Structure formats: structure tokens, C-alpha cells
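Trainee: Now for the letters of each chain:
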Amino acid sequence: MGLDGISIVVHPNNPASTLTLSQLELIYNGTYTNWNQVGGNDATIVTYGRQSTSGTYDYFREHILHNANFRADNRELAGNAEIVQTVEGDANGIGYVGVAYTKQGVNVKVLKIGATTNEVYEPTIANIKSTTYPIARKLYVYTNGNPIETLGAYLSYILGPSGQQILEEAGYISVVKLEK
Amino acid sequence: MVEKAFFVCAIITIIIVVAIFIFLFGQGALAFREISPIEFLTGTSWQPTSVIKPEFGTVPLLYGTLVVTAIAMAISVPVGLMIAIYIAEVSPSKEKELLKPFIELLAGVPSVIFGFFALVTLSTWIQQLTGTNSRLNALNGAMILALMVIPTMVSLAEDAITSVPKEYREAAVALGATKWETIRTVVLPSCSSGILVAILLGFGRAIGETMAVLMATGNAAIVNFNILDSVRTITATIVIETPESAFGSLHYNALFALAAYLFVITFAFNYLAGYVGKRLRRMGR
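Which chain is which? The protein sequence lines are A and B, in order.
Following the numbering used here, the numbering of the first sequence begins with 36 at its first residue and continues without gaps.
Following the numbering used here, the numbering of the second sequence begins with 1030 at its first residue and continues without gaps.
Please note that the accuracy of each hint is not assured.
Here are the in silico distance ranges between beta carbons for each label pair [to be verified]:
1) A:Ser191 to B:Ile1041: 46 to 52 Å
2) A:Gly187 to B:Ala1034: 48 to 54 Å
3) A:Ala188 to B:Ala1103: 54 to 60 Å
4) B:Leu1127 to A:Asp93: 37 to 43 Å
5) A:Ala205 to B:Val1149: 21 to 27 Å
6) B:Thr1271 to A:Ala116: 34 to 40 Å
7) A:Ile160 to B:Pro1130: 37 to 43 Å
8) B:Ile1041 to A:Asp93: 55 to 61 Å
9) B:Lys1082 to A:Asn69: 26 to 32 Å
10) A:Ala188 to B:Thr1073: 40 to 46 Å
Hints listed in this document are in silico derivations from the structure and should not be mistaken for laboratory results.
Computed from a predicted structure; not experimentally measured.
The C-beta atom is built at its ideal place from N, Cα and C for all residues, glycine as well.
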């Protein structure tokens, strides 16, 4: 039903503004422990993420960590908003959250991400849609059998123009135009 | 007839407790078909959903639970008792009428509210005070727990102190004891078992509290011997992971084993405290 870009957020005073996918992997698997290893201050990296119940956690482990374990001291928080709030207050923190959670009035720096240091991109709608921004997961709606009646109407509504518009307003990316 | 109804109610609570007990230990025992008890009790890595190799070492979780509870008790026992003594023995009745309801109101605040306060406000204060890197840490969790435990403790301890007969105090004063001497040598020793119960219930609430510590401590399963670093408690682990563990899977059973472990720890502490309490009373006489 949509795409959810995943933003990598740090404290606004953190001098780092870009990361490559492999740097991100090495930070979250515990190889890099100091910001100066990725072009930041001489300070310990504190990583924040979701807990194992979250789809973002699974996506991140699969696509960024290539199924390796998260570092043992990764802080596991209960929600995207909690991660944003905590990173706002932690000068050396880094977190991953859905793009939708960095839209309104939050005081964090969103990093540009790419395969190499020369090709880094912001998680804008256009970049996520064209997959030049590399971290986004697909959102699904699961139904038991073929959706009929109310459920069918609800699904056609969210896949229809007004539903998809709400999706984009909330910060997610509509995929209907892509696939049809 | 009325008597029978009361009896049935009492029996139902016993049946429920026994059923929980059997279910917890039965499901938990299944985990040990695949996890060795030695790994479970002494392993230092908790990675139950790892793709490479799931690990079920509970040492970091036990450490998290104990350190948060211990600090919370170290704060709440003295503070709680001081408040209780003040309300029961010192404060004028008008002040008492104001203080008691407020403290009881604090006991009724939902734990999410405390957790949110710890997540947003208390963590910032601790960070400003200590300059720590990691704003969600054991101290943050322990302080919010202490705040939650104090009302329970004050309420019960104050009742215990108030229930000491007036004659005791009058006799002490008649013998020339000052107010503080009366409290210390007469009032407190004669209600020590009530105070012990207050402390125990506080302890039970602290070690079993989930939501607030989950929000306050950052939940990293590590052992760092630094109260300003993140910890992960047993309760938080159960809440975080149960919704995602497939019914009947190894991870699911391991979480039940974890719950049974917590049950045993709490039970052992309560038993120990009860034993010490008995000894104390015997020595007092």
C-alpha cells in the first residue's frame, strides 16, 4: 500500500551529515564506536533503534546489518517518536525512524545516505520513490482471504486517490502509481 | 450461605495463583529442551532473535533488574520512612490531612505517565547534572521507580506507625524520652513488622514494574557496572519480546522461563525478608 522511507537521525549539533550504507552497518554492528571514525567529533556513538517486535527492526537488520546481530548495547525503544525525542537530547546519539516521524517540528538532523560518500541522498519523496535513497521498506496490508464488503471498500479507499493522498500527507510514499 | 460465597471467592484466588504458577513453570520448562540451564543462568549474551545463532544468557537482564531495583530501594526506603514518620508523628493534623491524600493520589498515577516523565524530563535533568552520554540509563529508571514506590511505602508505613498504641508514647515521654528518642526506641521497634511489610510491598512493586522502566532505561542488554549506562530489566524484556515470539517457539518458552525466574527471585527475597523480620522481632523482645 505504500513505501516507508527510513531516516537516519542524529543530534542537530553533530557535525556528521552523511553516512554510507557500510558505515551505517559498522556503527550498528558495533565495529565503529567513536564518531571520529565516520567524520564526526571524538565521542562515543550511542545507537538507538526499535525493539525486536518492530518491522523496522527486522528490515534494518536484514538490509543494513545483512542479518548480523545488533551491537549488544543498542538501546531498544518502544516507538519512533521515542527515538526522535531521545536523539534530540543526546549529542552523540544516532537512531533510525520512519520518515513520517521527522516531518513536524522535531529538532534532529536527518543524514544523507548513499552507497558511497559521493552519492548520498536525502530521504525526500522523490528520492525514495526512485530508490536513489537506499533505505525504504514496503508497507503491506494483510487480509484473511479475499477482502469483501466493508474490508474490500476500505482497501479500495486506501489504495484509491484520497487514501493515497492521506498516506503522502502523513509522510509515507504512495506506490500505486508506480505499480500500475 | 454468605460464608460459602466468601469461601468460594477465596478458593478462586488460590486456584488462579496455582494455575498461573503451573502455566508459567510448565511453559518455561519447555525452553530447557534446547537451552542448557547453564547457558540460561550464566550466559552474558541475550540475542533471542539472532539470525546467526540465538543466545539466551540472562545475566545482563538479571543485572539490569537488580541494579535498578537496588538503587530504587536505596532511595525510596529512607525517603519513604522519613515521610511516613513525619506524617504520623510530627506533622500537625491540618498538614497531615493535606499530605496524605496527595501522596495517595501519587500512588494512583498510571505507570506510563511516570515513564513518559522519565523519558522526557527526568532524563534531561540527570544528563544536565552528570553530563552523561547516555540519557536513558539505570539511574533514570531507578529514580522514577523510587518515585512510584514511595507512595505505597508511605501509606503502609504510616498506617503501621499510627497503629502503635498511644500509651507506649505516653510511657516513653513520662520516662523523660525526647520525641526523637520515643520514635526511635519505642514507636519504630514496636511496628517493625508493619514497616517491613511496607518495604516488601514496595520492593515487589519495584522489581515487577514494567512500563516505566521500559521507557526510562534504554533497554540495552549489557553489564557495564555504571549506573549511568543503559540496562535492560527482565520485565522489560518480557514485554518487548512476547508480542513477536511465535506461540510455542523456543523464544516464547524462553520468555516464560524468564518470567518463572523472576517469580523465583521475588519469592526468595520475600521469604528471606520474612525470615529476617521474624528474627528481628524475636531479638527485640
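Trainee: State for each hint whether it applies.
Mentor: Okay, the hints, checked on the actual structure:
no. : hint                              : result
1   : A:Ser191 to B:Ile1041: 46 to 52 Å : 49 Å, holds
2   : A:Gly187 to B:Ala1034: 48 to 54 Å : 51 Å, holds
3   : A:Ala188 to B:Ala1103: 54 to 60 Å : 59 Å, holds
4   : B:Leu1127 to A:Asp93: 37 to 43 Å  : 52 Å, violated
5   : A:Ala205 to B:Val1149: 21 to 27 Å : 23 Å, holds
6   : B:Thr1271 to A:Ala116: 34 to 40 Å : 22 Å, violated
7   : A:Ile160 to B:Pro1130: 37 to 43 Å : 54 Å, violated
8   : B:Ile1041 to A:Asp93: 55 to 61 Å  : 42 Å, violated
9   : B:Lys1082 to A:Asn69: 26 to 32 Å  : 28 Å, holds
10  : A:Ala188 to B:Thr1073: 40 to 46 Å : 53 Å, violated
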